[in-house]
Amino acid sequence: MADEVELPRPEPKPIDEKLSLELRHLAEDAILRGKPNGEERCRNCLYYLNPDEDISYCWHPKLRILVGENWWCQWWEPMEEEQPQAAAK
Numbered sequence: 320m321a322d323e324v325e326l327p328r329p330e331p332k333p334i335d336e337k338l339s340l341e342l343r344h345l346a347e348d349a350i351l352r353g354k355p356n357g358e359e360r361c362r363n364c365l366y367y368l369n370p371d372e373d374i375s376y377c378w379h380p381k382l383r384i385l386v387g388e389n390w391w392c393q394w395w396e397p398m399e400e401e402q403p404q405a406a407a408k
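Every letter in the sequence shown is one number past the one before it in the numbering used here, and letter 49, counting from 1, is 368.
Since the hints were made in silico from the structure, they are not lab data.
Watch out, some of these pointers could steer you wrong.
To be verified - Cβ pair distances, simulated, as ranges:
(1) Gln393 x Ser339: 17 to 25 Å
(2) Asn369 x Pro331: 26 to 34 Å
(3) Glu359 x Leu326: 18 to 26 Å
(4) Glu330 x Leu365: 19 to 27 Å
(5) Arg343 x Trp378: 18 to 26 Å
(6) Glu400 x Trp378: 29 to 37 Å
(7) Glu359 x Lys332: 34 to 42 Å
(8) Leu326 x Tyr376: 14 to 22 Å
(9) Pro333 x Pro397: 18 to 26 Å
(10) Ile334 x Glu372: 39 to 47 Å
(11) Lys332 x Pro397: 21 to 29 Å
Computed from a predicted model, the values in this text were never measured in an experiment.
Glycine included, every Cβ here is placed at the ideal spot set by N, Cα and C.
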């Protein structure tokens, strides 16, 4: 049996700390929360790209990040209701 090579313990790099700080500021500015605000949640927000997925992209111009379905932010907007199809004549 070959000897197993012991890998070094993973450590965050300076870029990870920088990105963490930037995302923390973004979350604070957006009042981004990991919990819904009553019935308002990312899954039923206009900007949640794929409402059938648990994690999806938020395309709000001030966020543009992956978010969880039950998260919430101050820019929550209700989904636009689809217009009924015109009755066939």
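Evaluation of the provided hints:
Hint check: Gln393 to Ser339, Cβ distance near 21 Å, so the stated range 17 to 25 Å holds. Judged by the Cβ atoms, the range 26 to 34 Å given for Asn369 and Pro331 holds: they are separated by roughly 30 Å. At roughly 44 Å, the beta carbons of Glu359 and Leu326 sit outside the given window of 18 to 26 Å. Remark: the range hint 19 to 27 Å for Glu330 to Leu365 is contradicted by a beta-carbon distance near 40 Å.
Hint check: Arg343 to Trp378, Cβ distance near 21 Å, so the stated range 18 to 26 Å holds. For Glu400 and Trp378, the hinted distance range of 29 to 37 Å is not satisfied, since their beta carbons lie about 19 Å from each other. The beta-carbon spacing between Glu359 and Lys332, approximately 36 Å, falls within the hinted interval of 34 to 42 Å. Checked against the given bound of 14 to 22 Å, the beta carbons of Leu326 and Tyr376, roughly 33 Å apart, lie outside it.
The hint said 18 to 26 Å for the Cβ distance between Pro333 and Pro397, and at roughly 41 Å that hint is violated. Between Ile334 and Glu372 the C-beta distance comes to about 28 Å, which lies outside the given range of 39 to 47 Å. For the hinted restraint 21 to 29 Å between Lys332 and Pro397, the CB-CB distance of approximately 40 Å leaves it violated.
Violated hints for the displayed structure, listed by number in ascending order: 3, 4, 6, 8, 9, 10 and 11.
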